[in-house]
Amino acid sequence: QQQVKQSPQSLIVQKGGISIINCAYENTAFDYFPWYQQFPGKGPALLIAIRPDVSEKKEGRFTISFNKSAKQFSLHIMDSQPGDSATYFCAASRGATNKLIFGTGTLLAVQP
Amino acid sequence: DVKVTQSSRYLVKRTGEKVFLECVQDMDHENMFWYRQDPGLGLRLIYFSYDVKMKEKGDIPEGYSVSREKKERFSLILESASTNQTSMYLCASSRLVPPLHFGNGTRLTVT
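Here the protein sequences line up with chains A and B, keeping their order. Taking my numbering, the leading residue of the first sequence gets 1, the next gets one more, and so forth. Taking my numbering, the leading residue of the second sequence gets 1, the next gets one more, and so forth.
Just to be clear, a hint being listed does not mean it is correct.
[Unchecked claim] With a cut-off of at most 25 Å between alpha-carbon atoms, the simulated PhoX-like pairs for lysine-lysine come out as follows:
| hint | chain 1 | residue 1 | chain 2 | residue 2 |
| --- | --- | --- | --- | --- |
| 1 | A | Lys42 | B | Lys71 |
| 2 | B | Lys53 | B | Lys18 |
| 3 | B | Lys57 | A | Lys58 |
| 4 | B | Lys57 | A | Lys99 |
| 5 | A | Lys68 | A | Lys15 |
| 6 | B | Lys13 | A | Lys99 |
| 7 | B | Lys55 | A | Lys99 |
Hints were generated in silico from the structure; no laboratory data involved.
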């Protein structure tokens with residue numbers, strides 16, 4: 001019940017295309033759903049996050065879509081750029097402890 | 001900008017050695033975390049600390065211990081390193097609310 005399942009494991013997208021990464025969870029007590037972006041040699045950094053009281057959050061080219069009834073959330077990267085090539089992790093947590101449960105990661109490659 | 005500094009970028013140790021991984025944050029954050037990152041497994045929480053001298057086990061604490069004697073410093077200790085502890089170790093810190101701020105990691109190889 002603590003797992004966060006992430007797919008796909010890897011993704012290749014053409015420049016200008018839309019990248020979509022999906023995550024599913026089981027614990028209905030989770031109330032914070034962030035996405036982290038990690039470049040080679042660096043630690044993960046927060047990209048965008050959502051709480052379950054909204055169904056969508058957009059920041060620039062990045063959008064989180066949240067489906068509470070299906071217990072799923074996804075990251076959409078519009079107009080994908082080669083600079084977006086990185087590993088993306090979804091995560092979830094409950095309450096104020098900040099104990100994030102991470103997905104297994106998606107390696108995104110955006111081809112020029 | 002928050003800075004989380006991990007003392008070593010690469011570390012090579014022998015089986016059975018006692019290993020210390022050090023992490024320092026400069027933002028007076030209450031929470032500190034140690035995660036382990038492995039391909040196909042994502043990031044898994046080893047231990048976290050919500051205050052000086054306070055700690056809680058994460059999902060994979062076996063074979064590890066931690067120490068937090070000062071607010072800014074959180075150490076991960078491998079009491080007797082084993083080859084299955086070869087991995088990337090990530091330290092993070094946060095206030096009582098998100099987000100987590102990560103260091104750049106220590107890649108540990110146990111031979």
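Okay, the hints, checked on the actual structure:
no.: 1; hint: A:Lys42 with B:Lys71; result: holds, 24 Å
no.: 2; hint: B:Lys53 with B:Lys18; result: holds, 21 Å
no.: 3; hint: B:Lys57 with A:Lys58; result: violated, 35 Å
no.: 4; hint: B:Lys57 with A:Lys99; result: holds, 11 Å
no.: 5; hint: A:Lys68 with A:Lys15; result: violated, 31 Å
no.: 6; hint: B:Lys13 with A:Lys99; result: violated, 29 Å
no.: 7; hint: B:Lys55 with A:Lys99; result: holds, 12 Å
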